[in-house]
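Sequences and hints are given; from them, build the entire structure.
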Amino acid sequence: MKKVLEGSHAVSEAARLARVQVIAAYPITPQTHIVEALSEYCSDGTLDARFINVESEHSAMAAVIGAASGGARAFTASSSHGLAYMHELLHWASAARLPIVMAEVNRALGPGWNIWTDQTDSLAQRDTGWIQLYCEDGQEVLDTTLQAFRLAEELNLPVMVILDAFYLSHTFEPIDIPEQQLVDGFLPRPAPRIKMDTAAPCALNQLVTPAAYMEMRYNTQLAMETAQDCLGKIETEFAAAFNRTHGPVEAIRCRDADIIMVTTGTVTGTCRQVVADLRSRGEKVGLFKIKLFRPFPKNLICRHLGAANKVAVIDRNVSFGAGGIFAQEIQAALCNLDTRPRVFSYVVGLGGRDITPNTLIEIYNETKRKTTPGQESVWIGLNREIVETWRN
Amino acid sequence: MHSRNSGILKYKDLMNPGHLGCPGCGATIAMKFALQALGEKTMVVIPACCWGVIAGPYPQSALEVPILHTAFATAGAAASGLRAALDMRGDTETTVLSWAGDGGTFDIGFQSLSGAVERNEDCIFVCYDNEAYMNTGVQRSSATPYGTRTTTTPAEKWKKTGKKNIVEVLAAHRIPYAATASIGYPEDMIRKFGKAGKLKGGARFIHVLATCPTGWRIGSEMSVKIARLAVLTNAFPLYEVKDGTNYTLNFKGDRKVKEYLTHQGRFNHLTDSDIDQIQKMVDGEWDLLLRKAGMKAP
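Quick mapping for you: the protein sequence lines, in order, are chains A and B. Residue numbers for the first sequence follow our numbering, so the first one is -19 and each next one is one higher. Residue numbers for the second sequence follow our numbering, so the first one is 89 and each next one is one higher.
It should be emphasised that the hints constitute simulated quantities derived from the structure, not laboratory data. Treat the hints with care, since some could be wrong.
To be verified - Quick list of in silico lysine-lysine cross-link-like pairs, DSS-like style, CA-CA up to 27 Å:
id, chain 1, residue 1, chain 2, residue 2
1, B, Lys288, B, Lys313
2, A, Lys175, B, Lys129
3, A, Lys175, B, Lys100
4, B, Lys313, B, Lys129
5, B, Lys313, A, Lys175
6, B, Lys252, B, Lys330
7, B, Lys283, B, Lys120
8, B, Lys120, A, Lys175
9, B, Lys286, A, Lys175
10, B, Lys340, B, Lys330
Claimed, not checked - Ranges between beta-carbon positions, derived for each pair:
id, chain 1, residue 1, chain 2, residue 2, range
11, A, Leu362, B, Gly250, 50 to 56 Å
12, A, Asn279, B, Leu287, 56 to 62 Å
13, B, Arg177, A, Met194, 31 to 37 Å
14, A, Glu20, B, Asn253, 35 to 41 Å
15, B, Glu244, A, Pro190, 37 to 43 Å
16, A, Asn363, B, Gly250, 50 to 56 Å
17, B, Arg343, A, His67, 45 to 51 Å
18, A, Lys(-17), B, Arg177, 44 to 50 Å
Note that the Cβ used here is the ideal one computed from N, Cα and C, for glycine as well.
Put into structure tokens, the structure is as follows:
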């Protein structure tokens, strides 16, 4: 059934349909709508789950770790400072091999206080062992959240479903909400590999010496290496049940493109139109959307971007001293190809600054004009007066 | 497996020999008694603390009940999550026992404990208190008493502030049941854990003084004796608090605190006037406790 929903509630509906059993969450804008709706579902009996109103995000992740260790399907949601506060437990969740699903709303980190969208919060968690999926629209958010539970439970890895603050979390769109019965068929009750039991006592997450630690981490890596194929299999099943597919990446008019623009999240929607417009003017441009960031789909990056002349990566994030994060990862993925495109890195739209069609056209023109990229990312749309006022 | 070694021990021993505790470790004795009272239907949540090591490295375990090791600050929250999972499984019988040191209770774990107790989670929260960060090499915590030398309160910089009254803090949450216990008084301790085990449906807190021969600089054979002296001198009174307001004293000490202090290397720098000062502090706390229990100070 189609309903007009905001992106946040696409997450809530998916968590409800997934029949999550334990939810622990702490408020932070712009995540709150997700857990407010779930809280109501727990309260009115729509959802048979325990909702734990913890006193911090650190405790939210600790509580879902405890719940998942007890065999429950566990869910939380966070954003920005909340996610950063969870950092220690993000490592814990993946190393403990717990199938936790978290919705993460991309929001800028302070100071200065800024509640608007920016991917640096989730990308700063890239080494924590979580699968990361960046969504473009509300339907993708709902579908991906359902798939995330399957993915997490098959691999025993935690999964982060990521959506842009406001542009997605608070934007209303018509979204198809699948029937419970169909979802139950796609996502059966959990059969957890880890489930504490007094009849078969064991110690979880205990002291481990150098003689075994590395093997445990290698197993996490092996699980990550299978995640892309696993997601593909799950998407095939999902498509059979719901007639929709999204893919770990999406390549639009890339095959004959001279320049390929690379996007993630909601910028993709804007860029679809820009690329269509540029194509109608005869420009040989393509669009490559990356949804799966961890594990990084290196094979797909090489396959779809390898033959282009230039790649323009649009990063709504920054690693200071290194530049746009997706651009770095793409450069690393392409570096061993015999012939490879030149990678142009653009930092744009930080702290929720709008990325308009004109911004993207500027990036396209800049990429077309230059023969080689510089070593540093190019920051787009800076107000030089503010820069100079505060420069030291 | 040890057989029953006393009439007060109810269950088979759920703690195995071969654990990694130091000789004379009070925290190990505490676990043995706690599990004697609670039995096999118990799951133990252990944050970073001595017990994270004592329980043994992969692939061994010193306990015959399930253990969930968790990050330092998270015992209260992880226990809450495990409780929720058990409830969803329809298992309200199993006790979730959060087992933290003084750092994981008084300091870094305080926020998650406070949150869990405020939500009145159906768990037993234990602090086995050895009065400093012993696992990392005897650094002071907010459970370290006035007068103590630790590696971060050395020489003349010995600790000049008192020990946080954690039971009073928990009582302020109006927790259904809070108690102190000592490894020197097994009957009292097992009774309290048994009582806490039966009081299902809400939060329970037990503060156990657990001597640490390494950090307190005492002989391992002195561990139980020192624990008894803490009670006999009122340095660590035994009492219970129902609903955060109704206090019951279990024992009245009548010895001078000097007898407790002078056996311990961590206090051997103290002058007679320092010890007098500590006696005044102990007397003041004891009088306050009597008043809370509705009893008059003599």
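So, going through the hints one by one against the coordinates:
{"no.": "1", "hint": "B/Lys288 with B/Lys313", "verdict": "violated, 33 Å"}
{"no.": "2", "hint": "A/Lys175 with B/Lys129", "verdict": "holds, 15 Å"}
{"no.": "3", "hint": "A/Lys175 with B/Lys100", "verdict": "holds, 24 Å"}
{"no.": "4", "hint": "B/Lys313 with B/Lys129", "verdict": "violated, 31 Å"}
{"no.": "5", "hint": "B/Lys313 with A/Lys175", "verdict": "violated, 41 Å"}
{"no.": "6", "hint": "B/Lys252 with B/Lys330", "verdict": "holds, 20 Å"}
{"no.": "7", "hint": "B/Lys283 with B/Lys120", "verdict": "holds, 16 Å"}
{"no.": "8", "hint": "B/Lys120 with A/Lys175", "verdict": "holds, 25 Å"}
{"no.": "9", "hint": "B/Lys286 with A/Lys175", "verdict": "holds, 24 Å"}
{"no.": "10", "hint": "B/Lys340 with B/Lys330", "verdict": "holds, 19 Å"}
{"no.": "11", "hint": "A/Leu362 with B/Gly250: 50 to 56 Å", "verdict": "holds, 55 Å"}
{"no.": "12", "hint": "A/Asn279 with B/Leu287: 56 to 62 Å", "verdict": "holds, 58 Å"}
{"no.": "13", "hint": "B/Arg177 with A/Met194: 31 to 37 Å", "verdict": "holds, 34 Å"}
{"no.": "14", "hint": "A/Glu20 with B/Asn253: 35 to 41 Å", "verdict": "holds, 40 Å"}
{"no.": "15", "hint": "B/Glu244 with A/Pro190: 37 to 43 Å", "verdict": "holds, 40 Å"}
{"no.": "16", "hint": "A/Asn363 with B/Gly250: 50 to 56 Å", "verdict": "holds, 55 Å"}
{"no.": "17", "hint": "B/Arg343 with A/His67: 45 to 51 Å", "verdict": "holds, 49 Å"}
{"no.": "18", "hint": "A/Lys(-17) with B/Arg177: 44 to 50 Å", "verdict": "violated, 33 Å"}
Of the numbered hints given earlier, the model fails hints 1, 4, 5, 18; all others are met.
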